[in-house]
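My request is simple: use the sequences and hints to build the entire structure.
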Amino acid sequence: MSGSIQDTFFEECEDLLEAMDEGLTAVEGGEHDQEVVNAVFRAVHSIKGGAGAFGLDELVGFAHKFETVFDELRSGKLEFDAALIQLLLRSSDHLADLVATARDGGTTDEAHHNVLIEALQKYIPEEEEDLTFEPMGLGGGMGGGFAPAPIVDDTERDYQIRFQPLKEMYGTGNEPYFLFQALSDLGEVDIKLNDAELPGFDAIDVDESYLSWEISLKSSESRSSIEAVFEFVEGLCELSISSDGDADDEADALAALNAAFGTDGDDAAPASEAPAAPFEAPVPAPEAEVSVKPEEKASSPKAETAKTEQRGPKPTLRVDLERVDRLINAVGELIINHSMLAQQIANLDAGDVRDVETELEGFKNLARDIQEGVMSIRAQPVKPLFQRMARIVREASSATGKTAKLVTEGEATEVDKTVIERLSDPLTHILRNAVDHGIEKPEGREAAGKDKAGEIRLTASHRSGSVCIEIRDDGAGVNRPRVKQIATEKGLIPENAELTDAEIDNLLFMPGFSTAKEVSNLSGRGVGMDVVKNAVTGLGGRINISSTPGKGSTFTIILPLTLAVMDGMVVSVADQTMVVPITSIVETMRGSDEMINNLGADGTLLSIRGNFVPICDVAGALGLRGASDQQPGVYLLVETETGQRSALAVDDIFDQRQVVIKSLDGVCGNIPGVAAATILGDGKIAMILDPESIIAASPAAAAFDTERRMSNAIAS
Amino acid sequence: MPSQAEAKKADQEVKHTQYSEFVSFAVTGQAFCLKITQIREIRRWSPVTILPHAPSDVLGVMNLRGAVIPIYDLSARFGLQQTEATERNVVIVVAVHGKQVGLLAESVSEIISINPEEIQDTPQVDSRNTMEYIQGIISHNDTMVRIINLDAVISAPEQVML
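Sequences listed follow chains P and X, in order. Per our numbering, the first sequence starts with residue 53, numbered consecutively. Per our numbering, the second sequence starts with residue 22, numbered consecutively.
Derived from the structure by calculation, the hints contain no laboratory data. Heads up, some of the hints might be wrong.
[To be verified] Facing chain P, a subset of chain X residues (Cβ under 8 Å, in silico): (1) Thr70; (2) Pro73; (3) His74; (4) Ala75; (5) Val79; (6) Pro91; (7) Ile133; (8) Ile135.
All values derive from a computational prediction rather than experimental measurement. Just so it is clear, CB atoms sit at the ideal spot from N, CA and C, and this is done for glycine as well.
This is the structure:
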């Protein structure tokens, strides 16, 4: 149980870290107003609160320092300057590391930790230093807390506390017992349970909260210390505290409490702001299944300004990914089911079926609508991914002694969640490379008449059914003579090879290529770009590089919108029905004998309007029949990533339709030439082909493929 | 006392497993069986989709209510002759390594109850495949029934094709 609560905490942390990053990015961009600062403060504070509950001391300690600096900022005692912003950014990175360490185990760089703590300490006023941090005692520690200034005296007082938890409090995993325990640390307590509201057994709603407690406390502590005990459940309970000493002022005290618990913030005095940021406990709703994310400020009982509402994210729903996937599967089934029905009605000898067909058409449209809707659930904006990338650039530039700035565009572009997850590593690689190899040293940039700080532009956009991610740097561009020289030295290309500029640029993606003169920490292990390429092709995407010497390089990644459906051409190959992704097909044609030309022993070329394109027999490449009994049939002209064209020979083309992709992972491992499978209208499974690897596997095509020749050279 | 409770539980388990039910079936004339709990369903054979570059004992993949599951020819897997599958053959769908897998058999015979004590170790014979895939043998109605070691027959998914 505690494990799952902790999971929820870490999930929350991700959102909070995101909110923090967002705020800091805004700060970096020059927005220093109160709302931004408050947002970051709240995020850090919530992380600290949760971490405190799980005893993550290191995290709590650091978050506290971080938060304190922000508290100074928002109370106006401290002003933003460039150095501070850099420190805050680095601290936020470190905080994310600490969270990751707490979640996954391992250790963080202690020296780095201490350096940051020390740096943060410089911004914290002296008196704060003496206060040892206690999570529960935060309100008292932050210099006063609630409105009536605490009168610290040693005289014991009798406090009367009425505490009635709302049902939400139990939903957040808070436990009255621990609160009482904390109270008993303050003095002598006498706790009475009031179960008067408890209904009869048959009327009881198990999710409802019926119990309340009357507590009398004898303590010399101030009222704010008592309030601090309840800080973590504020807003989740009805609480009243009165003491005999100020019984007359009870009305005032209540008013003060209301101010603190009910409507804090803008109109409250600055001193009361610190504890006012409510701890946003992870709120797994009582329904347990779908937990509604307490979106930032939405759950805080606080008057919002219109401005914050605009900035705050829309309310969202957190759902187990598996549920969505099950839904997607079911919808896929629905669509297959529709095709089956349609097929059977077509086969039916029942006279006039027009009405049925009309209804069936409606059914089809509904199914498509549902499918699109479900797919869009999986789609997520690339914003969090891009935000993480800002950090990569930051770290890479500080490690290389260069100045680089990441500018992001199109952050709202939505991409399938899996794509986003698996895009993180390739993007990291590319960005590191851009900083390490692309951007010049500041001196070099000045000499070239550029701004001292390099700029890397990360853009996401939708482009005709695919997602386009572009990474553009304004560095030196690919050093082509050097790249060619290295490729020759490493035997990747023959010495006298004549390559076009684009071909040279693409050498970067070859396995075992690395241009760094010295191996640096960041890149230059020689595993960079070919890993990137593999990751992108693994997602069904393509990557291209273009470069202008002196002006910079651009990497373009084109990805399918979703991994769950795609448009395919249904073909027949050796009596098997197969699907070829439509994206890779340039054109289709029926071949005739005159169009086929032999070359060498077993090479055949297809002549298309005067151009000769190698023919690749799909059945032969898949081992479904001998390559020799190839019959001229139908040709699919496809273009590979390197721009090479090949003609895939298939027996026939049936149809073009949207198919639901079923992964073969775990079913039969990796099959060369096959990307995945799908289920057709008749319930049969069809293989989805991967033209790229079919061509690579085809011996006839290999002879014409320079890239293939190159990789042979590595192998030998 | 927890130890007592555990002992009791273990005791119950022993009693529970005293008689296990097995489904027996024929593969190229030989009788084999699988524990009934390993079997998800039994289906009539219908043509499958061929997997390119698949080993001879992998017949292809089949659509089982929207899931793509691989079908193995048990006979070929055991080193016997390859089955010419017809409508009269059956596909036994089993769950193994968290996946569903179909096994082609000639025909299903019956459900038999076996006392674990009756299970005999596989005698040493000169066939490594057999030794690996057979967990033990039992005598049932004077015929020998081989108990299949499913984990060995179907290796973990990653290694299936390698």
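Hints, verified against the model:
1. Thr70: Given a least distance of 4 Å, the restraint on X:Thr70 holds.
2. Pro73: At about 4 Å, which falls below the 8 Å cut-off, the nearest Cβ of chain P leaves the hint on X:Pro73 intact, so it holds.
3. His74: Holds. Min distance 5 Å.
4. Ala75: holds, 7 Å
5. Val79: holds, 7 Å
6. Pro91: holds, 5 Å
7. Ile133: This interface hint is violated because 31 Å lies over the 8 Å limit.
8. Ile135: This interface hint is violated because 32 Å lies over the 8 Å limit.
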